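**Q** If you read the sequences in order, they're chains A and B. Counted the way our numbering counts, the first sequence spans residues 37 to 146. Counted the way our numbering counts, the second sequence spans residues 93 to 204.
In short, the hints are calculated from the structure, not lab data. This structure is a prediction, so every number in the text was calculated from the model and none was measured. Keep in mind that the hints are not guaranteed to be accurate.
Interface residues of chain A toward chain B, partial, derived using beta-carbon atoms under 7 Å [said to hold, decoys possible]:
1. His85
2. Pro128
3. Gly129
Covered by chain B, according to a simulated footprint, are these stretches of chain A (three or more residues, beta-carbon under 8 Å) [as the list claims (entries may be wrong)]:
4. 55 to 67
5. 77 to 83
The calculated lysine to aspartate or glutamate pairs, modelled on EDC-like cross-linking and capped at a C-alpha distance of 20 Å, are [to be verified]:
6. A/Lys133 / B/Glu148
7. A/Lys133 / B/Glu145
8. B/Lys170 / B/Glu160
9. A/Lys138 / B/Glu136
10. B/Lys149 / B/Glu136
11. A/Lys39 / A/Asp118
12. A/Lys133 / B/Glu160
13. B/Lys134 / B/Glu145
14. B/Lys170 / B/Glu136
15. B/Lys175 / B/Glu93
16. A/Lys133 / B/Glu151
17. A/Lys39 / B/Glu136
18. B/Lys175 / B/Glu136
19. B/Lys149 / B/Asp178
20. B/Lys175 / B/Asp163
21. B/Lys134 / B/Asp163
22. B/Lys134 / B/Glu110
23. A/Lys133 / B/Glu177
24. A/Lys105 / A/Glu91
25. B/Lys134 / A/Asp132
26. A/Lys133 / A/Glu50
27. A/Lys39 / A/Glu102
28. B/Lys170 / B/Glu145
29. A/Lys133 / B/Asp154
30. B/Lys149 / B/Glu177
31. B/Lys149 / A/Asp132
32. A/Lys88 / A/Glu50
33. A/Lys138 / A/Asp47
34. B/Lys170 / B/Glu110
C-beta: ideal position from N, C-alpha, C; glycine also.
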Amino acid sequence: DAKTTQPTSMDCAEGRAANLPCNHSTISGNEYVYWYRQIHSQGPQYIIHGLKNNETNEMASLIITEDRKSSTLILPHATLRDTAVYYCIVRPGGDDKIIFGKGTRLHILP
Amino acid sequence: EPEVTQTPSHQVTQMGQEVILRCVPISNHLYFYWYRQILGQKVEFLVSFYNNEISEKSEIFDDQFSVERPDGSNFTLKIRSTKLEDSAMYFCASSVQGHGYTFGSGTRLTVV
Chain A
37 DAKTTQPTSM
47 DCAEGRAANL
57 PCNHSTISGN
67 EYVYWYRQIH
77 SQGPQYIIHG
87 LKNNETNEMA
97 SLIITEDRKS
107 STLILPHATL
117 RDTAVYYCIV
127 RPGGDDKIIF
137 GKGTRLHILP
Chain B
93 EPEVTQTPSH
103 QVTQMGQEVI
113 LRCVPISNHL
123 YFYWYRQILG
133 QKVEFLVSFY
143 NNEISEKSEI
153 FDDQFSVERP
163 DGSNFTLKIR
173 STKLEDSAMY
183 FCASSVQGHG
193 YTFGSGTRLT
203 VV
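Same shape as in the complex, but just chain B:
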């Protein structure tokens, strides 16, 4: 069964450093998403991406965040200057236009 692949599975970074989280969506999917989940809290929408541009973003997705699909297969989330409160699980998802999203297994980001 096709999978969404996320790397790395765990990233530790110092506060103020830039991090890039990587995702390889399912190959025929056209819509891409990033979500995050702070420990013990709900899964929160960050951003959706279609046709090489952001289609929607939440208030969490401020100027410190950016997304890119650099080469037609990878989909990345960049956090420019990490803060302690950015520590969370980050999930990438993709979908064909329609109903079921496929989520990756996540990257656990720890900011120290």
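Bound-form chain A, shown alone:
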């Protein structure tokens, strides 16, 4: 029942921008794109979400294509502490539950 497709793993050099892609070709008009991450053995952490427009906060930027069928999470200056599993999730806003897939395991290399 996965609504999103992400690469299994990615590497990025420390200090460089990490660009994590996500495909969500069946996204509905009322569904948002959310990104969470899980650092080893910790609870998932909310990063950012968006509907149509690109979004930026202190952690990351979210770029959503005009047709909304894919998006990219950008960590502008990756550090070793950004090594984690990153989950792209599509869901309506509100209290609807989050369903986690397998995500992308991002390794930041020194």
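Place chain B on chain A using the hints.
**A** The following block gives chain B in isolation, referenced to the frame of chain A:
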């Protein structure tokens, strides 16, 4: 920054025993959730709770599981008769109605 607090961080119990996992959600949050993660597997939804009742539960959340908000601050998950396959990390989360959930750091439950 407000946190979701979970206790204990690690619980070891014998098969067949009852366990209660405790969570203190963020104070102004209204929606509460339990998730679990078996070692090496995905984070799985168990139950959501709003207005003092369960709003949704997964097929994992069978009659052995129950949740309660006994005093307006704590949110508990009870497993009545633990099985070996209940061994997992259990995460509590809370949210204001909207977008970002805040998760706790989890309780590692080991059933022996």
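**Q** Would the hint on A/Gly129 be counted as holding, given a Cβ-Cβ threshold of 7 Å to chain B?
**A** holds (6 Å)
**Q** A/Lys39 and A/Asp118: Cα distance at most 20 Å?
**A** Status violated; Cα separation ~25 Å.
**Q** Is B/Lys175 within 20 Å of B/Glu136, Cα to Cα?
**A** holds (17 Å)
**Q** Straight-line Cα separation of B/Lys149 and A/Asp132 no greater than 20 Å?
**A** Distance of about 11 Å is within 20 Å: holds.
**Q** Are A/Pro128 and chain B close enough, Cβ to Cβ, to be under 7 Å, as the hint says?
**A** Violated - the Cβ of A/Pro128 stays beyond 7 Å from chain B, reaching only about 10 Å at its closest.
**Q** Would the hint linking A/Lys88 and A/Glu50 be met if the CA-CA limit is 20 Å?
**A** Violated, because 30 Å separates the two Cα atoms, which is more than 20 Å.
**Q** Checking one constraint from the list: CA of A/Lys133 to CA of B/Glu151, max 20 Å. Satisfied?
**A** Holds: A/Lys133 and B/Glu151 sit about 14 Å apart, inside 20 Å.
**Q** Between B/Lys134 and B/Glu145, is the straight-line Cα distance small enough, at 20 Å or below?
**A** violated (26 Å)
**Q** A/Lys133 and A/Glu50 were given as a pair; does the straight-line alpha-carbon distance stay at or below 20 Å?
**A** The given pair, whose Cα atoms are some 34 Å apart, is violated under the 20 Å limit.
**Q** Hey, A/Lys133 versus B/Asp154, does the alpha-carbon distance stay inside 20 Å?
**A** holds (18 Å)
**Q** Take a quick look at whether A/Lys133 and B/Glu160 sit within 20 Å of each other, Cα to Cα.
**A** holds (18 Å)
**Q** Is the hinted pair B/Lys134 and A/Asp132 satisfied, with a Cα-Cα distance of at most 20 Å?
**A** holds (18 Å)
In summary, the structure is inconsistent with hints 2, 4, 11, 13, 15, 20, 21, 22, 23, 26, 32 from the numbered list given earlier, while agreeing with the others.
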